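My request is simple: use the sequences and hints to build the entire structure.
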Amino acid sequence: MSSQKFFDRLKVQLLFSGPTLFAFFTVVILPFLYGIYLTFTNWDGVSTSHSFVGMKNYLAVLDDAAFWTSMYKTMKYVLLTVILINVVGFFLAYMLTTEIRAKNLFRAGFFTPNLIGGIILGFLWQFIFSNVLVYIGEHFKIGIFSSSWLADPDKAFWTLVIVTTWQYSGYMMVIYIAGLMNIPKELLEAASIDGANAFVRLRKIILPLMVPSFIVCVFLSLQRGFMVYDLNIALTNGGPYKSTQLVSMYVYQKAFLSQKYGAGQAEAFVLFLIVAIVTLIQVYMSKKREVEA
Amino acid sequence: MNVSKALMKMVRYIVLVIFFCLYILPFILVLLNSLKERTEIISNPLSMPKSFNLANYFSAMEKMNFAHSFMNSLIITVFSVALITIFSAMTAYVFVRIQSKLNKFLFFLMVASMIIPFQAIMIPLVQIYGSIGFLNSKWALIYMYIGFGASLAVFIYHGLIKSIPLELEEAAMIDGASRLQIFFQVVFPLLKPTTMTIVILNVLWIWNDFLLPSLVLIKPEERTLPLSTFYFFGTYSVDYGLLMAGLVVTIIPVIIVYLFTQRYIIQGVMNGSNK
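Chains as they are written, first to last, in our numbering: chain H, 490 to 782; chain B, 10 to 284.
In case anyone wonders, no lab produced these hints; they're calculated from the structure.
This one's a predicted model, so the numbers in the text were calculated from it and none came from an experiment.
Hints are not guaranteed to be accurate.
Covered stretches of chain B (chain H as the covering partner; in silico rule of three or more C-beta atoms under 8 Å from a C-beta of chain H) [unchecked claim]:
| # | segment |
| --- | --- |
| 1 | 158-165 |
| 2 | 257-268 |
Subject to a maximum C-alpha distance of 16 Å in a straight line, what follows is the list of computed EDC-like cross-link-like pairs (lysine to aspartate or glutamate) [claimed, not checked]:
| # | chain 1 | residue 1 | chain 2 | residue 2 |
| --- | --- | --- | --- | --- |
| 3 | B | Lys59 | B | Glu46 |
| 4 | B | Lys147 | B | Glu231 |
| 5 | H | Lys693 | H | Glu678 |
| 6 | B | Lys18 | H | Glu588 |
| 7 | H | Lys674 | H | Glu588 |
| 8 | B | Lys14 | H | Glu588 |
The beta carbon of each residue, even a glycine, is placed where N, CA and C say it ideally should be.
Okay, structure coming up:
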């Protein structure tokens, strides 16, 4: 290659990818690497100097019972929401791909919560759980609603699960509708003629062919579950008595409110490892089940 | 056979209507209560408002500094999304057309980085940009959105640009067009459907984002809508009518845009998932 050609190519490369790559490296890669470095220091966020403390922060993570409690709750929350979001989302998509009127209206309605941020939805549901449902409980003598769910640690956890399912199932529904519409009609018709009923068609044809959609939806709901913060802070604010503080909120508080940046970053890094492992396992496991139409 | 089929259809319909109510009712309840006085809400949150009183709205908009936060959100969303789209399309283009080892590696790195949760980056991010005094500005936030949003956009564009035949560009090249001209006149228009998808996914994310702006924009006058809603709820925590009005004014603009763009948004989400 002549040097003239080389410089032309370099110019194009820099012109086209320079701005993106500069932003990407300075906003994602640099902080990520610097973050790993921070986990080995005792920086408090204020002082200009910090010293190297080796593995101390990671050992502290192992000892931090509150962190693991919050991680355990997050795991439970992620497991429940991934299942519920996808079951409800798939169910709605399945119903909406059958012959039915006003499909677009239903579809648009179910998708609506996705347009609005977790902060606003959290406050909206806070009002419903602590005012509307309590009123219904007292007025119609329904015991389960008569005191606010947000004041009870177990029920407050479930409010997060319920609202998350409500929030994201419409999004997954849209992805499942796209998948269902791609299933060849002839295949289903042929099965019908051979005497397969709706349930058999669902199990033997639709579900296996929908594996790619399930991979995408489970991946998305896993990621959103582990990273939930806005809804947590607006709906329960971690309460009552910090019982619903999920890991993202816990790390935030540790770093920014307790000013333990090194320790907080070590916990954030542990969170990263867990998310990476879980998502890689998920994608790997489900890729194996993929079939061609 | 036909009777049972009709019956099944009825059942399906009823189930869907019940679900529909569950998804929409919360919004209706907020709307109803936003028109009421505090005492009216406490005595019965399900009742119809006694009068059509817009006082809560004016008061909420003033206390949230609504117009200002709305503009902040709008500026941040428009600039971030426009820049993410253009820069990412250009980057994906060069990744496809110049197949060097370096580009393959960079592409892999961007795709792999999508697995990093924001929480694993936020602490060092605030530290680095705080120490160079680069926080507290919309432009810093827009810059960060480009960094965070580029990976997914490059990934989606990459898949599409691969399928554009080189011949189209060669014709333009013979006519003496520069690489930039070719990109903007030949390639970018072909990417339009994908661009729509990327715009929609990014608008939904950036307009509603809370954690990143809450770390970057500390000054009250820089607040976006989710941030001002958050502080508004912290300040007036028991004045329900006012709070509900605050929610309604933040939700209404989104719903209005949604009414007109509903088809595109849902189509965009469908396309985005296939990549």
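Each hint, compared with the structure:
1. 158-165: Three-residue rule met by the segment 158-165 of chain B, so holds; n is 3.
2. 257-268: holds (count 5)
3. B:Lys59 - B:Glu46: Distance of about 9 Å is within 16 Å: holds.
4. B:Lys147 - B:Glu231: Holds - the C-alpha atoms of Glu231 (chain B) and Lys147 (chain B) are around 7 Å apart, at most 16 Å.
5. H:Lys693 - H:Glu678: 13 Å, holds
6. B:Lys18 - H:Glu588: Holds, at about 8 Å.
7. H:Lys674 - H:Glu588: This hinted pair holds, its Cα atoms lying about 13 Å apart.
8. B:Lys14 - H:Glu588: 11 Å, holds
Hint compliance for this structure: every hint is met.
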